[in-house]
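**Student:** Residues per chain are reported as follows:
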Amino acid sequence: MKNNGYYGQWGGSFIPEILHETFAQLNKVYETARHDPAFWQEYVDLMATYSCRPTPLTYAGNLSRHFGGAQIFIKREDLNHTGAHKLNNVIGQGLLVKRMDKKRVIAETGAGQHGVATATMAAKFGLQCTVYMGEEDVRRQRPNVFWMEKLGAEVVPVTSGSGILKDAINAAFRDWVTNMDDSHYCLGTACGPHPFPEMVAWFQSIIGLEAREQISKQFGSAPARVYACVGGGSNAMGIFQGFLGQPDVELVGVEAGGYGLASGKHAARLASDDSSPGVAQGYKTMFLQDDDGQMRTTHSVAAGLDYVGVSPILTDLWEQGRVRFASATDKEVMAALELTMTREGIIPALESSHAFAQAFKEVGDLPADQSVIINMSGRGDKDIFTIANAFADPSWQQFIINKGKEYEAAR
Amino acid sequence: MKLQDNIREAKQKKGILLMTHIVLGYPSFEVNRAVIGQMVDKGVDLIEMQIPFSEPMADGPVIVKANQDSLANGTRLADCLDFAGEMAATHKIPFLLMTYYNILFKYGLEKFCRKTADLRIKGFIIPDLPPEEGAEYLGYCRQYGLAPIFIYAPTSTPARMRELARYGEGFIYCVARRGVTGSQTTFGREFAEYMAQCRASTELPLAVGFGIRNRDDVNAVKGRAEIAVIGSETIRLVDAEGASAVGPFIAGLR
Ligand SMILES: Cc1ncc(COP(=O)(O)O)c(C=O)c1O
Numbered sequence: 002m003k004n005n006g007y008y009g010q011w012g013g014s015f016i017p018e019i020l021h022e023t024f025a026q027l028n029k030v031y032e033t034a035r036h037d038p039a040f041w042q043e044y045v046d047l048m049a050t051y052s053c054r055p056t057p058l059t060y061a062g063n064l065s066r067h068f069g070g071a072q073i074f075i076k077r078e079d080l081n082h083t084g085a086h087k088l089n090n091v092i093g094q095g096l097l098v099k100r101m102d103k104k105r106v107i108a109e110t111g112a113g114q115h116g117v118a119t120a121t122m123a124a125k126f127g128l129q130c131t132v133y134m135g136e137e138d139v140r141r142q143r144p145n146v147f148w149m150e151k152l153g154a155e156v157v158p159v160t161s162g163s164g165i166l167k168d169a170i171n172a173a174f175r176d177w178v179t180n181m182d183d184s185h186y187c188l189g190t191a192c193g194p195h196p197f198p199e200m201v202a203w204f205q206s207i208i209g210l211e212a213r214e215q216i217s218k219q220f221g222s223a224p225a226r227v228y229a230c231v232g233g234g235s236n237a238m239g240i241f242q243g244f245l246g247q248p249d250v251e252l253v254g255v256e257a258g259g260y261g262l263a264s265g266k267h268a269a270r271l272a273s274d275d276s277s278p279g280v281a282q283g284y285k286t287m288f289l290q291d292d293d294g295q296m297r298t299t300h301s302v303a304a305g306l307d308y309v310g311v312s313p314i315l316t317d318l319w320e321q322g323r324v325r326f327a328s329a330t331d332k333e334v335m336a337a338l339e340l341t342m343t344r345e346g347i348i349p350a351l352e353s354s355h356a357f358a359q360a361f362k363e364v365g366d367l368p369a370d371q372s373v374i375i376n377m378s379g380r381g382d383k384d385i386f387t388i389a390n391a392f393a394d395p396s397w398q399q400f401i402i403n404k405g406k407e408y409e410a411a412r
Numbered sequence: 065m066k067l068q069d070n071i072r073e074a075k076q077k078k079g080i081l082l083m084t085h086i087v088l089g090y091p092s093f094e095v096n097r098a099v100i101g102q103m104v105d106k107g108v109d110l111i112e113m114q115i116p117f118s119e120p121m122a123d124g125p126v127i128v129k130a131n132q133d134s135l136a137n138g139t140r141l142a143d144c145l146d147f148a149g150e151m152a153a154t155h156k157i158p159f160l161l162m163t164y165y166n167i168l169f170k171y172g173l174e175k176f177c178r179k180t181a182d183l184r185i186k187g188f189i190i191p192d193l194p195p196e197e198g199a200e201y202l203g204y205c206r207q208y209g210l211a212p213i214f215i216y217a218p219t220s221t222p223a224r225m226r227e228l229a230r231y232g233e234g235f236i237y238c239v240a241r242r243g244v245t246g247s248q249t250t251f252g253r254e255f256a257e258y259m260a261q262c263r264a265s266t267e268l269p270l271a272v273g274f275g276i277r278n279r280d281d282v283n284a285v286k287g288r289a290e291i292a293v294i295g296s297e298t299i300r301l302v303d304a305e306g307a308s309a310v311g312p313f314i315a316g317l318r
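These protein sequence lines are chains A and B, in that order.
Numbered according to the working numbering, the first sequence spans residues 2 to 412.
Numbered according to the working numbering, the second sequence spans residues 65 to 318.
Just chain A, with the same shape it has in the complex:
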């Protein structure tokens, strides 16, 4: 622990005393694995045989021509097993769980992708699995709830607080302080107390390592910019780490603009003026909070971005000016999603579509002999209800009505 889990003034480990020994054990196992090249090799091999890694870097020729600026490349985390970058982190932590000889994993989930990934890992590694999910998110991400349950996990809807991601994190911690002896909390993003931000970012760095090699092979030089959506910050940290050492590569984090920054209904921590330094959920970062230090309600069309805090590592990189932050509104996101589907035959998740939306605003200003990478953190199939709803798709609505009638009649 070279920095005590601090990145500049951000991060730390604000944990209840009852978890002190649990974190001591986790830190030890993590540090040992981190310095053991065989561990990383085992991880990479498993990701290659179980999870389709390396994921491709796809040249988006039609979109590039459409905008007439830099050449657009898409890093395809949607093709990772379970359809998002989330499995990278989960398999890594799963290997640590085996080293700690624990029998059960707990997870929080927003969009449900991390929950599905954890349920998948638990099935593969023979672990029991409980997933906490805000009731609001249960409603908007029903298909993922179905899959988690089918994979053998118990899904617990969280009704306290605003019923979204932060509340699921609180619920997961409450489980952990009860069951720490046999359970590991598999946190899904680069937030929370040390070592989670660093550890999750490490497992996700596989994205950036691949992308750096791929762009150099396929395009011949480093990209001008890399775009990633930022919920807690794990997919962004994942891809950014491939380019942090190259100061000419501009790194752009895209947050949820919701109904627009002026509306106050968004989840833009670093791209808006609405956040301030705080300590919650075990770490110090910029939070969307009121003057008393109470967390505010956030909004995004994308459940996975609807969060009050952000990775302390990203907050530090933002403060240093190394990562630029922008936001895309729900509306811009839907437009970007539609364009990507119809021009490239690729369906990004609503979260990932934020990165696309921001890139589309800017890519026309860059010369054609440069490139940009958009990190497509996940696929959009899981969002079918939300997307169909946002498009007010009449034939989908009719299908649901008919299906409902069928179930009703069969009762």
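No lab work stands behind these hints: they were computed from the structure.
We put the CB at the ideal spot given by N, CA and C, even for glycine.
Possibly wrong hints are sitting among the right ones.
Non-contacting residues of chain A with respect to chain B, defined by C-beta distances greater than 12 Å in every case (computed) [as the list claims (entries may be wrong)]: (1) 39; (2) 43; (3) 214; (4) 250.
Chain B stretches covered by chain A per the calculated footprint, using a threshold of three residues with CB under 8 Å from any CB of chain A [stated by the list, open to error]: (5) 164 to 176; (6) 210 to 220; (7) 240 to 248.
Given chain A, put chain B with the ligand in place with the hints provided.
**Tutor:** Okay, now just chain B with the ligand, sitting in the frame of chain A:
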């Protein structure tokens, strides 16, 4: 007089001291006032007043709901501080504030310590602030004569307990079992061994909390700790039977 000396002196006169817990603004400050009045009347020795927080990570369902409802009622930090000052001025017993670190951090650590010391608050219980993160906090507590109360858990090693004792003042809050506030605890042999370990690790008085609900539980703590802490149970009682049930309940505890 230091809080620990107050506690030792009071303990001389009674077999065991009682500390109770209330969530500020839940269900209202009026009810808080009535409940505290009855608690003091029936001889409660210390009271911890929880400033509600939107992310009460270490609390169980009863207290989580109280935090949430209080904030939904519009409770602001300034109201909590005013009320805390009023209680400390009205009643002779020591009052403590319990809350999460962000409340202090956002207000400004020094300002918070100065303000609460002015209000004659005796100390703080901050469950998400381990001493490793609390250098500044500890400095201001010392400067303003506030007791930073640290927590022992059944998972704490003897070395960790000794480490925590170096930073603590007032007393050590011994969490009786794993888990969050509000559910049942069995006070068996394992508990006795744990308490013996706590005792061996510090000179400070000990308080035991989590799952103390009745006279039997208080008796189980007697002889092992100076203070028994009643948390969620009085909140449950006020919810079910109203503020007037608190006096008889407290009177029946020892
Ligand atoms: C597809 C997808 N992208 C992005 C995110 C946001 O998380 P992070 O910022 O940690 O990558 C999520 C979270 O659920 C997600 O499911």
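**Student:** Which numbered hints are broken by the structure, listed smallest first?
**Tutor:** Going through the list in order, the structure violates no hint and respects every one.
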